[in-house]
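Working from the sequences, and respecting the hints, build out all of it.
For the record, the sequence lines run as chains A and B.
Under full-length UniProt numbering, the first residue of the first sequence is numbered 1, with each subsequent residue one higher.
Under full-length UniProt numbering, the first residue of the second sequence is numbered 1, with each subsequent residue one higher.
None of these hints come from the bench; they were simulated from the model.
Beta carbons: idealized from backbone N, C-alpha and C, even for Gly.
Any given hint might turn out to be false.
[To be verified] Simulated restraints, written as ranges between beta carbons of each label pair:
(1) Met1(A) to Lys250(B): 46 to 54 Å
(2) Gly14(A) to Val130(B): 35 to 43 Å
(3) Gly14(A) to Arg8(B): 54 to 62 Å
(4) Phe295(B) to Ile22(A): 18 to 26 Å
(5) Phe47(B) to Arg13(A): 27 to 35 Å
(6) Ile22(A) to Met134(B): 34 to 42 Å
(7) Met1(A) to Met134(B): 49 to 57 Å
(8) Arg22(B) to Gly14(A): 45 to 53 Å
(9) His59(A) to Pro207(B): 21 to 29 Å
[Unchecked claim] Some chain B residues judged to face chain A by a derived CB distance under 10 Å, without partners named:
(10) Ser88
(11) Met90
(12) Leu98
(13) Val292
(14) Leu301
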Amino acid sequence: MTGFLNGLLRLRRGPWEMLASILIALGVVMLMQPFALALYTWSFLVTLTGTVMFVVVSHFPE
Amino acid sequence: MTHSLIERAAEGTPPGIAQKLRGLSDRSIAWIFVAPTIFLLLAVNIFPLIWTVYLSFTDYRVNRPNRDIEWVGLANYERILGDAGIWSTMQATAHFLLWTLVLQVLIGFTLAYLINKKFRGNDMWTTIIVLPMMLSPAVVGNFWTFLYQPQIGLFNYAVGFVTGKDPASFSMIGDVSLAPWAIIIADTWMWTPFVMLICLAGLRSIPDSIYEAAECDRASKWRQFWTITLPLVLPFLMLAILFRGIENFKMFDLVVQLTGGGPGNVTTLSSIDLKREAFEKWRTGYSSAYGVILFVTVFGLASIYVKALNKVKER
Numbered sequence: 001m002t003g004f005l006n007g008l009l010r011l012r013r014g015p016w017e018m019l020a021s022i023l024i025a026l027g028v029v030m031l032m033q034p035f036a037l038a039l040y041t042w043s044f045l046v047t048l049t050g051t052v053m054f055v056v057v058s059h060f061p062e
Numbered sequence: 001m002t003h004s005l006i007e008r009a010a011e012g013t014p015p016g017i018a019q020k021l022r023g024l025s026d027r028s029i030a031w032i033f034v035a036p037t038i039f040l041l042l043a044v045n046i047f048p049l050i051w052t053v054y055l056s057f058t059d060y061r062v063n064r065p066n067r068d069i070e071w072v073g074l075a076n077y078e079r080i081l082g083d084a085g086i087w088s089t090m091q092a093t094a095h096f097l098l099w100t101l102v103l104q105v106l107i108g109f110t111l112a113y114l115i116n117k118k119f120r121g122n123d124m125w126t127t128i129i130v131l132p133m134m135l136s137p138a139v140v141g142n143f144w145t146f147l148y149q150p151q152i153g154l155f156n157y158a159v160g161f162v163t164g165k166d167p168a169s170f171s172m173i174g175d176v177s178l179a180p181w182a183i184i185i186a187d188t189w190m191w192t193p194f195v196m197l198i199c200l201a202g203l204r205s206i207p208d209s210i211y212e213a214a215e216c217d218r219a220s221k222w223r224q225f226w227t228i229t230l231p232l233v234l235p236f237l238m239l240a241i242l243f244r245g246i247e248n249f250k251m252f253d254l255v256v257q258l259t260g261g262g263p264g265n266v267t268t269l270s271s272i273d274l275k276r277e278a279f280e281k282w283r284t285g286y287s288s289a290y291g292v293i294l295f296v297t298v299f300g301l302a303s304i305y306v307k308a309l310n311k312v313k314e315r
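Okay, structure coming up:
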């Protein structure tokens, strides 16, 4: 966990890509889940944030 | 012949142009060769994408081209993301996507594993299994509607034969609870051979020497499967899932032909709904926003999936 946080602070690709991936996966689950309309409403914003973050952080150093 | 052709082309080039070309660096010449492809990509992929994003912020209707286009900001996105109807199409898409992938991977891999064993008629069976994939989705959709007919359908008779139920007592494409499974079965029948072929390529790429070494170490068949076969086939399997996942996310033709999105809206997948909004209701701006949402979802998923695939390949 400390390594992950350190990686985030030092702008390393691995942890940031992990964070972006989690956001994308969360957004897709929110988009397609059958439980709460509110989650569906916010799903696109979460997926978009994750996707843009993924594109940006894939240029960070290893 | 080729040499003389090149020579003739060189002789035919006007001196001024030849002089200029001779002065070009390798990098410039590379750009000249690549430029048509880049131009085509920009014209066919990038420009429409940017234009769709622009239209998603407007109330543009393609059937009223002379009307002024009004900038509506995020209104289209707000309406889509607050619409319970579209939410249910997303759930139908998720159900279809999940089950088709699970079934196609399980059956496809099993078939590939069996076909990979050396037996008589191996090639003939491969050809027979691959046949459904070669048919048009519209044709497949059409004949599965006949197979699912409660009165004359072979599928109903087969189910009746196995379960003892009256074949006319249920309708696969008319029943709200069965229709989602009807499209899953038809798609699985059609596209499992594709997964099988990719898995077969993976299985055939594993050298026999690895299994021989495992035999020497007295590894059981079960252990060989989990420690050799599966890890080495995994990148191929993941590729198959990626291709089928993207393809099924935008599944249209087969389902339209089979159920038309019904009964009610239970088999209305997001691509079918999108087509209705764009080309039946002619709400171009609204459907552009819908398209952008689907695009971002697929793009995001594909990004993390490709990253995972690369990690598996590196192992």
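Hint-by-hint comparison with the structure:
{"no.": "1", "hint": "Met1(A) to Lys250(B): 46 to 54 Å", "verdict": "39 Å, violated"}
{"no.": "2", "hint": "Gly14(A) to Val130(B): 35 to 43 Å", "verdict": "41 Å, holds"}
{"no.": "3", "hint": "Gly14(A) to Arg8(B): 54 to 62 Å", "verdict": "57 Å, holds"}
{"no.": "4", "hint": "Phe295(B) to Ile22(A): 18 to 26 Å", "verdict": "21 Å, holds"}
{"no.": "5", "hint": "Phe47(B) to Arg13(A): 27 to 35 Å", "verdict": "31 Å, holds"}
{"no.": "6", "hint": "Ile22(A) to Met134(B): 34 to 42 Å", "verdict": "40 Å, holds"}
{"no.": "7", "hint": "Met1(A) to Met134(B): 49 to 57 Å", "verdict": "52 Å, holds"}
{"no.": "8", "hint": "Arg22(B) to Gly14(A): 45 to 53 Å", "verdict": "48 Å, holds"}
{"no.": "9", "hint": "His59(A) to Pro207(B): 21 to 29 Å", "verdict": "38 Å, violated"}
{"no.": "10", "hint": "Ser88", "verdict": "8 Å, holds"}
{"no.": "11", "hint": "Met90", "verdict": "5 Å, holds"}
{"no.": "12", "hint": "Leu98", "verdict": "9 Å, holds"}
{"no.": "13", "hint": "Val292", "verdict": "9 Å, holds"}
{"no.": "14", "hint": "Leu301", "verdict": "6 Å, holds"}
Of the numbered hints given earlier, the model fails hints 1, 9; all others are met.
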